[in-house]
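A.B. asks: The primary structure of each chain is shown beneath.
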Amino acid sequence: MTARYTVLHETRYTYEAPVGISRQVLHLTPRGTPYQTLLAHQIRVAPVPDISRDMVDPFGNAVRSFCVERDHDSLEVVCESHVEVRAREYPALTGSPPWEAVRDGLSYKAGRTLSPDELTATEFLFESTRVRNKRELQAWAAPCFPSGAPLLVGVSGLMHRIHDELTFDPKATTVSTPVMDVWKARRGVCQDFAHLFLSCLRSLGLSARYVSGYLLTRPPPGKKRLIGADASHAWVSIHCPGYGWVDVDPTNATLVGEEHVTLGWGRDYDDVIPLRGVLLGGGQHELHVSVTVSPETSSSMGAEAGDPVRSMT
Amino acid sequence: MHESLLMRYAPSDARYDEMLDEIQIPRPHWRVFLTQLQSMSKRAMQERSRFVHDSIASDGVTYNVYADPKGKSRAWELDLVPLILPEHEFREIRLAVEQRARLLNAVLGDLYGERTLLARGLIPPALVFGQRAYLWPAQGAMPPSGVHLHSYAVDLARSPDGRFWVLADRTRGPSGAGYALQNRSTLWRAFPDAFQKLPVEPLEPFFDAIEEGMYRLAPSKGETPLVVLLTPGPYNETYFEHVILARTLGFPLVEGQDLLVRGDFCYLKTLRGLRRVHGILRRLDDDFCDPLELRADSALGVPGLLSAVRAGNVFVGNGIGSGVLETSALAGFYPALCERLLGERLRMPQIATWWCGEEPAMAYVLSHLGELVIKPTYPTIRMEPIFGHTLDAAGRAELITRIRAQPHAYVAQEWVRLSHAPVWGKEAQSLLPRATTLRVFAVATPEGWLVMPGALTRVSPHEGDVVSMQWGGSSKDTWVLGDKTTPRAPLAGPKLRAEDVRTRGVDVPSRVGENLFWSGRYAERCEGSARLLRAGLVRLMETGSRAELTSITEACKRLGVLPVPKNGKAAGKAADKPSGKHAIADTDAARAAMFVRAVTDPAVPGGLAANLGRLHSCASQVRERMSTDNWHLLSELPAKVPRKDASLGVASKALDEIMMACVSLAGFAMDDMTRDESWQFLRMGRRIERLTTLASVSSHALSEPGASLEWLLEAANSIVTFRARYRRLPELLPVTHLCVMDVTNPHAVLFQVREIEDTLRELSAPAEAFAELSRASASLTAFPLDSLAEEGDTLAAACKELGVLLAQTERAGYALSDELSRRYFSHAGSAPGAAAP
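Chains as they are written, first to last, in our numbering: chain B, 6 to 318; chain E, 2 to 838.
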């Protein structure tokens, strides 16, 4: 099974006062993986940057950085990507190794050589800016991981628990709400679900990373796809020895499939912020973000203002 | 000899004593100095002790203590007695520190490069990826020179058997070398005779090597390298040291906002435009360096700095991310790493350290808690060291639970009995033994590492083993006795050449100009609003016509000086008592409250108290530009603001004092400061502020042609001139001439314009950038003043026209202020090197 998508991700800032210098780093280029191919990709910036550069971040994600060094009242970044996504093959959940073995396999033993894969796994084992390592979370997640349970059975159980106990509520959190507040309030958006999931897994000593991307949404039966109504999405990827990385989506309680488009990954949201920048001047700003994921057969391309608040499922 | 000097000096059997040997005889390298001390009377000792204390005060040596509720900074503590080390002992230290610096540099290079040490299991990933101090974006941002670690410091302690041990590594931007230099300069003055007799190794060559080394490590490709010292600013605990270092090394002392990255090159914003920076001696914490890629909430950093480093266009020492090696947990891994990376045995042992992330280590720690000191693995975690022997059963159980839950977060170290060194006890009038540690410094040069022949020695304030400047400890100068007797005066750098004298002060950071500019604006704003408010208060205290009071109130409102009344409150109050007479009294009361608040309440945004606060804060940023008297006057100003419940009389008296102080400040500005480039901005700030204030009040006065104008003369400080010149009541034409057109009156609008134009010429500013003000002033000059002698509609039209011209002039003043900010301070939009000529 393969699917092709066009992703249109538009961001527009309107500033109250002129901005003199704007430096931005973009994580907006879909990553090539065994199950995803980037067919075509274009980022348009207005005003045209004085300096623009493509590079690769420490996690292997493609990054565009640019700088506008003259007065401007607005900044527009339009990113258009054409990707092919193929179905993934997942191992049987019950066939995965016992979770304690996975945990102990990553703990340090002096002089033991780590394979490149294991070394990569250790990068996602510890606390990071948004992910906490807490005894309370360890205790909360423990019932999903009884002794000897296969890793992916535990992961699936925890995913369902988070999905069932948390309410999806875009008003409950902001982009900077700490994960422990999310856990206490049991509310949030996909980013919060992912950070809580990651915090539980890492508190248990397991390696897991944050994946940023998009999800194809289905219009209600009989309705046309709304342009700009989609949103950025986030999920979690777990290191499973013998298989590799298993992507699970706690917001939708599902394994990641052909309807998820991957942008990139890091330890948490802060490593893969779609647009991160520093401005000189500007005062207050208004932000419009609009995301459209359309299957390539669709011809309904176009632009329209999206949700002006926070666009995140 | 005064036996009493050592009378109360009781060495401990359990410790090494730096001064006395096992049979309590002074060690050979102490004898010359001790003989000298003993030849001195107690009184002489006290005098020298006082001398040391006074020198520190007069040199302004301070150490900022974050936790100190009493104040921001406190005087540095320096003991009268140095620590003396013989050459052969220091040689061992030198070799060991040099080796350790090489080792740590190699480890750092690997952690941010190939990461083979992790892959081979030589370093636990938890001690790298688990640390916030490991900065991912710094991966690959390593200099071609291979110098990742540039300044290194290590804390050493001596065990009872006389061997030195490593206590801790300082790799972030180690502090202390500047204080050591300051200590040396103080003791050199306290004991000039001892320096004549003893071959004390000088410290200056070490600082020369830092300076020279930075110039050569900086990728200047043929340009004259510009190296700066980057400080977090005056609130940092060791800011004083940054000042000494910058002065000693001859590097401009800059804050993050002074630097700018353009197209992967780093620049210093100076009043003459952008100057390329090739090297940065960094004293700003790693994660604050670049808000674009590191901590986004850092206001202290330089956006884009990492990209300039990655491009190889600027050398930063220490490399960003070097703080990852500050954890004590890595100590246990260094012996093996040293063999592996350098093929050498580690020369100096580290005090026994157990990282609980390894099972066997944790088991040992849990069963030996009583003998150990427990610390956090990650230095970014706030936790004071726990001395196991001080815990009761419950405390021990709690600690064990914490360690078991997060073993990798804890490190245990053996509890060392530090060596004792003598300190001068002021009260005891005797030498006393105190626990001692040494901080030794090394710096990378293109030829390798150089170790400073000396140290910052720190001593415990009491009989105990806690040694930290944060906890009230004292410091010592450290004398390494060399082979040859070549006494030399400290800090005697090469003589300045005429060329040096001519070029000094060229690179004035824009921040200095900006703070002077705003100091000027706020000083003038305070004076201007004080005049207006006093005019109001005086009239409130008199009985008589309220017409002028209305004019003053409106003029104040227009300048934003008065509090904005809460909706309807004042009006409602007046409506309660409808009688005409009472209504006036009530309006007076409401006005009086408003005026007093404008004087006293810092919460009124445009009020006098708030602006005095702003003046003080801007001026304190450029304190070094002011004479002692000038600064004294400034720092006293906020205290002149009366209490909020002040009566009209008290408030008006305070205004008199504040105005006098403001006038004195203006005098200092004219006559007490070097008139370099940055001074022009102080002058400019004052003139622009006076211009906009005068234009605003005059414009307002013209909106009511028939009203009394005495208040305008008061606000423009021109009443004496007017009376002397005209000897009659204020009339519109002469008043307008005096306050607007008269270029001989320092309080007239056009006088300010002339001064501004003159300053702009001094700054060689291009005319087109300031065209708006020139146009506005040309229209003002061309205004037919005769028309103000007309009457009726003709007069009204003339007043209206002049009012509009004045409002235009006011706007042009604000526009000029913005333009100056962009051109000289923020450098937004200007190309490097092409800003102000």
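None of these hints come from the bench; they were simulated from the model. For every residue, glycine included, the Cβ atom is placed at its ideal position computed from N, Cα and C. There may be inaccurate statements among the hints.
Ranges between beta-carbon positions, derived for each pair [said to hold, decoys possible]:
hint	chain 1	residue 1	chain 2	residue 2	range
1	E	313	B	22	33 to 39 Å
2	E	762	B	22	28 to 34 Å
3	E	164	B	122	57 to 63 Å
4	B	247	E	235	56 to 62 Å
5	B	148	E	164	51 to 57 Å
6	E	372	B	39	35 to 41 Å
7	B	141	E	558	53 to 59 Å
A.B. asks: Now tell me if each hint is right for this structure.
C.D. replies: Hint check results:
{"no.": "1", "hint": "E:313 - B:22: 33 to 39 Å", "in the structure": "holds (35 Å)"}
{"no.": "2", "hint": "E:762 - B:22: 28 to 34 Å", "in the structure": "holds (30 Å)"}
{"no.": "3", "hint": "E:164 - B:122: 57 to 63 Å", "in the structure": "violated (44 Å)"}
{"no.": "4", "hint": "B:247 - E:235: 56 to 62 Å", "in the structure": "holds (57 Å)"}
{"no.": "5", "hint": "B:148 - E:164: 51 to 57 Å", "in the structure": "holds (54 Å)"}
{"no.": "6", "hint": "E:372 - B:39: 35 to 41 Å", "in the structure": "violated (54 Å)"}
{"no.": "7", "hint": "B:141 - E:558: 53 to 59 Å", "in the structure": "holds (56 Å)"}
Hint violations for this structure: numbers 3, 6, all remaining hints satisfied.
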